[in-house]
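A.B. asks: Chains as they are written, first to last, in our numbering: chain A, 82 to 427; chain B, 39 to 367; chain C, 23 to 323.
Take the hints with a grain of salt, since some may be wrong.
Said to hold, decoys possible - Some but not every residue of chain B turned toward chain A, in silico, with C-beta under 7 Å:
| no. | residue |
| --- | --- |
| 1 | S197 |
| 2 | G199 |
| 3 | V228 |
| 4 | P304 |
Claimed, not checked - Below 27 Å or equal to it, Euclidean Cα-Cα: the simulated DSS-like pairs (lysine-lysine) are:
| no. | chain 1 | residue 1 | chain 2 | residue 2 |
| --- | --- | --- | --- | --- |
| 5 | B | K130 | B | K168 |
| 6 | A | K288 | A | K215 |
| 7 | C | K55 | A | K149 |
| 8 | A | K168 | A | K149 |
| 9 | B | K311 | A | K288 |
| 10 | B | K115 | B | K168 |
| 11 | B | K339 | A | K229 |
| 12 | B | K339 | B | K311 |
| 13 | A | K211 | A | K168 |
As the list claims (entries may be wrong) - Simulated restraints on C-beta separations:
| no. | chain 1 | residue 1 | chain 2 | residue 2 | range |
| --- | --- | --- | --- | --- | --- |
| 14 | C | S172 | B | V166 | 51 to 59 Å |
| 15 | A | K288 | B | K135 | 37 to 45 Å |
| 16 | A | Y330 | B | G357 | 57 to 65 Å |
| 17 | C | R312 | A | Y193 | 49 to 57 Å |
The hints are simulated quantities; they were obtained by calculation from the structure and are not laboratory data. Yeah, the Cβ is synthetic: ideal placement off N, Cα and C, and Gly gets one too.
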Amino acid sequence: MAAGNEPLLQVKDLRTYFHTEAGVVKAVDGVSFDVRAGEVVGIVGESGSGKSVTAMTILGLLPVPPAKIESGQILWKGKDLLTTSEKDLRKIRGGQIAMIFQDPMSSLNPVYTIGNQIEEMIATHQDLSKRQVKERAIEMLDLVGIPKPRDRVKDYPHQFSGGMRQRAMIAMALACEPELLICDEPTTALDVTVQAQVLEVIESSAKQLGAAILLITHDLGVVAGMTDRVLVMYGGQIVEKANVDDLYYSPRMPYTWGLLGSIPRVDDSADRRLTPIPGAPPLMSKPPAGCRFSPRCVFAVPGLCDAAVPELVAVHGAGDEHEARCARLGEAGFADNAAQFVGGRA
Amino acid sequence: MNTDAAPLLEITNLVKHFPIQRGLLKRTVGQVKAVDGVSYSVNSGETFGLVGESGCGKSTTARLVLRLMEPTSGTIKFDGQDLSAGTEIDTKALRKKLQIVFQDPYASLNPRMTVRQIIAEPMTVQGVHKDEANARVDDLLTTCGLAREHGARYPHEFSGGQRQRVGVARALANKPKLIFLDEPVSALDVSIQAQIVNLLDDLQEQMGLTYVFIAHDLSVVSHISDRIAVMYLGKIMESGTMDEVFGAPSHPYTKALLSAVPLPDPRAERARKVERIVLHGDIPSAADPPSGCRFRTRCWKATELCANEEPALIDRGGGHPVACHFPEQ
Amino acid sequence: MTALLPLAVDTVLVTTEQVGYWEDVRRRFFRNKLAIGALTVLVLLILLAIIGPIVAKGDYTTGRLGFELKRPGDRRWILGTDSLGRDLFKRVVRGIGISLALAAGVTIATTLLGMILGGLAGYLGGFLDTVVSRFIDAVYAIPYVLIGISIIAIFGRSFWTLLGSLVAVGWLSTARLFRAAVLQIRGQDFIEAARATGADTRRILLNHVVPNALPPVIVSIAFSIAGSILAESIYSFLAIGFTEPRPALGVMLLDARKSGFEVSPHILFVPAVVLILLTLSIAIIGDALRDALDPKLRGAG
């Protein structure tokens, strides 16, 4: 993992609210994190957690009414993207920060060939001759493992299968050698064997180009296999931040425990019972008082957990990368509760 | 679980071909072989898992047994009744004993009916008296983790997990013997999935239900099933108990599937990266399946034999049926 | 059967307000200012059509020599008189009533016919669907005025042939619309779920398909009324609809055309403005209904 001095991307206290008929939906409510050069950061969360909105905000892809970025900064190499002009943003989008979406069919234009779309991407950001652009497009298709790229570059999106389309989208995203690749649920709609292929392509091609990856997903298995650091989001906030081993083997936030306890594993013993989290994710138009997770937390203490939103605090003291947002974090022995959710593993 | 008695459901060589029609006169130019000779049996009280990727035909088998679609050929025996293709059956009576829970909680409930009406409908259709039906609706609501007051509400007022509970309650209305669960948790958040899985587990124990659990998510299927079959492109590749199939997979496809499932365990993932099997190519079209063994186009072991001769689903020394000429040992 | 202990009881509902579907539609409709305006205009016109003939009693069909083409604003004739000296106000308020009554009748017939044919075609599919759809396509291609002229040429001119030709062309769009709605609903899981409970086709159509396919039909009713009013006026203007001395709006327009409206524009404006107000207000209401009924905008979150 390359160690950058200054992080490539710094999100500081981002708040994105949606102003709807039903009220104000606080989709992202105070999110801060960094991505350094070459590293893979995962954002994990369920529906309504705000993970996708965070990604869309970084690239300015949200429709501005009803969305509104209430406060915060998104620093890309020191420059605040939120105050950058649309013209400059367009240069960064695709050229330096690229994005892959969940549904390739809706991000690929059905009336243009795949080749055209990749070439357009390259031509917008790089100054190459027409011939060079074409060659590069073919190179990209090859990089992502599409067989016979010279022929397939003339095909239309509907002529590709689901997995191939996703690869084409990856090719398009990487065509200009971005430094950051944001992947928003890239494999959620894919079959498990195709998912494995696509994740492998993302990982190897990004590594080859030295790009950092911001991977947004709800799949804790995918995150375990691909990421260096993980951010767990709930109710529009980050509730735990840790490197991947710490998160899975010594998590400190009850929501993380609940998540890990909810997932069945292929290698589980036959009689292990899942420990689900009671209730359902909150409606972000009316977030709960105090800790957003408290209504569903079996460890919630009335008067403490429902009084105020806990701060995101370093687990082992200042300078520690592992942070958790739990009012009972510092309590002696509280961390031992994790065992009933994640015990018996690793 | 009584494994000595005759199986509750027995399917033999079930086939469903969909004609492909072209042109104004709708000439049949080909067949989509969605289900192409599938055989499995389900014992009373157990959970039978049917696993496979999209297009393998697993959901179609459920609809064929329920006669929501007519089978092209094959025999189906359910609870002593012959449901094979071509036989006349009383579908209404059948649906008292055989039920289904659908995948999409947002589409499987009529938005214009209250939850009470939705759960009561199977009983109303079968002629159950209004009062009796209402009492049972109350019972079912609480059993499935909802409150009685919820009966007067409409589906859009509920979350995905709650809607799925309504779907389960509806399936239970007439006290069925066997329930097909077609991807019942795929559309739900992870923490809610676990709730529903536990609910299904408990209901099975309390009511002696038999489940056929259809899913593409191997982790969920592995958790809930007793016995399992792996489908690929309309055929079963391997079947047996959980320990047999997932514990010691014989078929290369099963191995590839298991290898592809990411584990929520970073150390294990790093260790597996070396020996991960990544299949090449895409799933072929069911309208034009490969000759011989259907999996051969993506299999690292494929030989000429695989192209010429289709392997039968038989026990090849592993203790459970596998359809491969070169099963893993 | 003893109830099991409920697991993780989800007692919090998604929408905290229990708003019924129609209530929600009503609210959304009344948020639309233009719709409220149109509704007001329509209500006024209807009131005019009801009260008008009572207030403005008396003869409105016989010409009166010497009182032709009087300007509006006169104490005796608020809207003036036409080329034969007839009171335009008396005529126009009755004209509104004629238009609305005929449109109502036509719309009821076309909606029923369209729903039955479109619904069966959509739900049952197959040969029936092919026949009905191709028939609709074929007839749709012909301008409806020509169809009207043909029918009236064959069957002669009467109230019933007028009604008949309007219905003959009116049911087509309702049928298409309803068929599309039924097709879309038929593909939904809850229909399959209903079949899985053992429900028969009749039950599925009545309890599941129709209630969900109603919103487009409601919109179509609004546009059908407006369309019928317009179509009838066109037919009357072409002298194949209502005839003199009936004070239908189209008839008044024809009279205006024949009688030199360049000199007395009010004999054109009075029926024209009323016709425009009537059709436009209904069309705006229809549009607003369509927005109010759009399920995509439903619910919070």
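A.B. asks: Holds or violated: K130/B and K168/B, Cα atoms, limit 27 Å.
C.D. replies: Within the cut-off at roughly 19 Å; holds.
A.B. asks: Is the straight-line distance between the alpha-carbon of K311/B and that of K288/A 27 Å or less?
C.D. replies: Between K311/B and K288/A the Cα gap is close to 15 Å, so the pair holds against 27 Å.
A.B. asks: Would the stated hint for G199/B survive a check requiring a Cβ distance to chain A of less than 7 Å?
C.D. replies: 6 Å, holds
A.B. asks: Run the distance test for K339/B versus K311/B: straight-line Cα separation, threshold 27 Å.
C.D. replies: 20 Å, holds
A.B. asks: The hint names S197/B as touching chain A; please verify it with the least Cβ-Cβ distance against 7 Å.
C.D. replies: 5 Å, holds
A.B. asks: When you check the alpha-carbon spacing of K211/A and K168/A, does it fall within 27 Å?
C.D. replies: Holds: K211/A and K168/A sit about 23 Å apart, inside 27 Å.
A.B. asks: Hint says 51 to 59 Å; check whether the CB-CB distance for S172/C and V166/B agrees.
C.D. replies: 56 Å, holds
A.B. asks: For K288/A and K215/A, compute the direct alpha-carbon distance and say whether it is at most 27 Å.
C.D. replies: 23 Å, holds
A.B. asks: Restraint: P304/B near chain A, CB-CB cut 7 Å. Satisfied or not?
C.D. replies: 5 Å, holds
A.B. asks: Is the straight-line distance between the alpha-carbon of K55/C and that of K149/A 27 Å or less?
C.D. replies: 26 Å, holds
A.B. asks: Take a quick look at whether K115/B and K168/B sit within 27 Å of each other, Cα to Cα.
C.D. replies: 33 Å, violated
A.B. asks: Given a hint of 57 to 65 Å, does the C-beta separation of Y330/A and G357/B actually sit inside it?
C.D. replies: 36 Å, violated
This entry does not satisfy hints 10, 15, 16, 17, going by the numbered hints stated previously.
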